[in-house]
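Asks: Residue numbers (the working numbering), protein chains in the order written: chain B, 1 to 259; chain D, 1001 to 1284.
Incorrect hints may appear among the rest.
Straight-line distance between alpha carbons at most 20 Å, and here's what the computed DMTMM-like set of lysine to aspartate or glutamate pairs gives [claimed, not checked]:
1) B:35 / D:1039
2) B:35 / D:1080
3) D:1252 / D:1135
4) B:203 / B:240
5) B:145 / B:44
6) D:1077 / D:1039
7) D:1158 / B:197
8) B:203 / D:1080
9) B:91 / D:1176
10) B:91 / B:160
11) B:203 / B:246
12) B:203 / B:94
13) D:1158 / B:211
14) B:91 / B:197
15) D:1252 / D:1236
16) B:203 / B:216
17) B:2 / D:1249
18) B:201 / B:102
19) B:70 / B:84
20) B:91 / B:81
21) B:70 / B:142
22) B:201 / B:129
23) D:1124 / D:1135
24) D:1158 / B:32
25) B:201 / B:53
26) B:201 / B:125
27) B:91 / D:1039
28) B:91 / B:72
29) B:35 / B:24
30) B:91 / D:1177
31) B:201 / B:259
32) D:1077 / B:32
What the hints contain is simulated information worked out from the structure, not anything from laboratory work.
So the chains spell out like this:
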Amino acid sequence: MKIRAWMLGVVAVGIMFGAVLISDALGYWQTESTKTPAVISTGEFAGKADPADIRGSYSFGDVEAAFDIKSEVLAEAFGVDPAEAEGFQLKSLETLYVALAEAGTEVGTGSVRYFVALYTGLPYELTEEVYLPQPAVDLLIEEGKVAGEAAEALKEIAVEIPAVETSVEAPGESTAESAPAAAVSTGEAEGGVVAEDLVIKGKTTFREVLDAGVSEAEIRSAIGAEMPNPLTVIKTFCTEQGLDFEAVKTVLQALVDAE
Amino acid sequence: MATDTKKTTGRKKAARIRPWIQGFFFIFVLITSLNHLLEESGQSIPFWPQASLHAICPFGGVVSIYQFLTVGTFVQKIHESAFVLMAAAFVLAVLAGPVFCGWICPLGTFQEWISKLGRKLTGKRFDTYIPSKADRVLRYFRYVVLAWVIYQTAVTGKLIFQDVDPYFALFNLWSEELAPAALVVLGATALLSLITERPWCKYACPYGAVLGLSNKIRIFRIRRAPSTCIDCGACDRACPMGIKVSGLEVVKDHQCISCLECTSEYHCPVPATVELKVMGGDAK
Chain B
1 MKIRAWMLGV VAVGIMFGAV LISDALGYWQ TESTKTPAVI STGEFAGKAD PADIRGSYSF
61 GDVEAAFDIK SEVLAEAFGV DPAEAEGFQL KSLETLYVAL AEAGTEVGTG SVRYFVALYT
121 GLPYELTEEV YLPQPAVDLL IEEGKVAGEA AEALKEIAVE IPAVETSVEA PGESTAESAP
181 AAAVSTGEAE GGVVAEDLVI KGKTTFREVL DAGVSEAEIR SAIGAEMPNP LTVIKTFCTE
241 QGLDFEAVKT VLQALVDAE
Chain D
1001 MATDTKKTTG RKKAARIRPW IQGFFFIFVL ITSLNHLLEE SGQSIPFWPQ ASLHAICPFG
1061 GVVSIYQFLT VGTFVQKIHE SAFVLMAAAF VLAVLAGPVF CGWICPLGTF QEWISKLGRK
1121 LTGKRFDTYI PSKADRVLRY FRYVVLAWVI YQTAVTGKLI FQDVDPYFAL FNLWSEELAP
1181 AALVVLGATA LLSLITERPW CKYACPYGAV LGLSNKIRIF RIRRAPSTCI DCGACDRACP
1241 MGIKVSGLEV VKDHQCISCL ECTSEYHCPV PATVELKVMG GDAK
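Based on the sequences and whatever the hints tell you, model everything.
Replies: Rendered as structure tokens:
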């Protein structure tokens, strides 16, 4: 049996595109990371999306899809141009408000998680310092998402967001109001480190921490267990082991910063 | 060469389908890559895939195998789609060898296009600049590259090959992700293509190294019938990978890319003498 050139051409195209079509039909064809947060597994809110699993790579549009909060609302809360809201990635907040980070009042992905939790009423355990932009706090209070003592506590962690190029909502003040944290473990150095330094995030692997100069023994001590395969994502490991990622992250970040 | 062939036999050659398929995939990948860029700025072509180049490169699946088996995750920037395409290319390879290299890979196509210009510029000196001894040794260098890429990716969990990958550079000349080293490798590949056919494929491509192994086990093989062969050497001259087909009855060379240029459909002047046939089939 022989194959002619035209047959081989048809077979080549057929197999490549056939594989795409079949895998797509089976739901396996993924060309990007899924932007769907994990769901809460127990309790009253079981089955709902977990604000704690919101990643820096998510856009406001992804958050809208998962938590049913309009991108425009998020844009207003975080001082982002509404025209860019849908595709605006949360991790961009860190660079957008680098001045706040330098002042020790970072507004970043953690702020969005907290805002989403407050806005939706979903549970979210704070284990690090979190600050919210003043417009976000105002919005939560105006819409009745928080009231009374909770509202007063929120005002304590509100920071004025500096004017930035893409922001049409941000007030003109560029100084950040220093405020106490809503809940404290140890301060996160995320915004204060230079660009080359490792900042532990949701996708950071143990390998990256090792590469930053932290020893395996130190990691063992930080996670209270044997270190898994270095390529394991720290957050995934914590989730699987029932560890508090934010607490582990804080300890590991301190080790990284000490190097 | 095709003209010589016609003179020898007076036989009309089959219509060439390979360049069309190569062109199709080249344009497909080019538009997809551009569409990914447009998508980031919110202006993509609605009906066209918006996948990143990493998502549609089967070699991404190969370098992810270790991490997938040990940790259950993909290397950064790699997704399920790369695994699907890797599997499809492997199926093709088991069936008929590195068909992906010869018919689909846009970097291979790019080199062939540059080599056409090189042939015009250098004439009969084309493909004679690299000493045969060095050529023979260098052809195994791609396995060194493969080992290095797999080891480094396994250790770091990152797509380190991107920084030197000429394929990624070719379709990301407009991207911030373009690494200077990859641009240099792409430039070197283009320049070398002016003096020899498919230099990246022959000497450095790690994916070609993987798929090339299928030449040892593939079901359909290039088979030459010595009884009808007239030893004209047309098959040797036609092979873009420089394999001496006229000295073989069954092509098992690890560098064969299943392009079929050597077969009786194209450059071999004698009918039913060099063909792609099932293993164990008659040479006739």
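Asks: For the pair supplied as a hint, residue 203 of chain B and residue 94 of chain B, is the alpha-carbon distance within the 20 Å limit?
Replies: Measuring from Cα to Cα gives roughly 16 Å; hence the hint holds.
Asks: Is residue 35 of chain B close enough to residue 1080 of chain D, meaning Cα to Cα at most 20 Å?
Replies: With Cα atoms ~14 Å apart, residue 35 of chain B and residue 1080 of chain D stay inside 20 Å; holds.
Asks: Mind checking the alpha carbons of residue 1077 of chain D and residue 32 of chain B for me, to see if they're no more than 20 Å apart?
Replies: holds, 8 Å
Asks: Regarding the pair residue 201 of chain B and residue 129 of chain B, is the alpha-carbon distance no greater than 20 Å?
Replies: The given pair, whose Cα atoms are some 15 Å apart, holds under the 20 Å limit.
Asks: Below or equal to 20 Å on CA atoms is what counts here, so check residue 201 of chain B against residue 259 of chain B.
Replies: holds, 18 Å
Asks: Taken at face value, is the distance from the CA of residue 1249 of chain D to the CA of residue 2 of chain B at most 20 Å?
Replies: holds, 15 Å
Asks: Keeping to a limit of 20 Å between CA atoms, is the pair of residue 91 of chain B and residue 81 of chain B held or broken?
Replies: holds, 15 Å
Asks: Taking 20 Å as the top limit, are the C-alpha atoms of residue 201 of chain B and residue 125 of chain B close enough?
Replies: With Cα atoms ~17 Å apart, residue 201 of chain B and residue 125 of chain B stay inside 20 Å; holds.
Asks: Please verify whether residue 1252 of chain D and residue 1135 of chain D have alpha carbons no more than 20 Å apart.
Replies: It holds: about 18 Å lies between the C-alpha atoms, which stays within 20 Å.
Asks: Does residue 1158 of chain D pair with residue 32 of chain B here, judged by a C-alpha cut-off of 20 Å?
Replies: The given pair, whose Cα atoms are some 16 Å apart, holds under the 20 Å limit.
Asks: For a C-alpha distance cap of 20 Å, please report whether residue 1124 of chain D and residue 1135 of chain D respect it.
Replies: Holds, because 18 Å separates the two Cα atoms, which is no more than 20 Å.
Asks: For the pair supplied as a hint, residue 91 of chain B and residue 72 of chain B, confirm whether the alpha-carbon distance does not exceed 20 Å.
Replies: holds, 17 Å
When each numbered hint is compared with the structure, no violation occurs for any of them.
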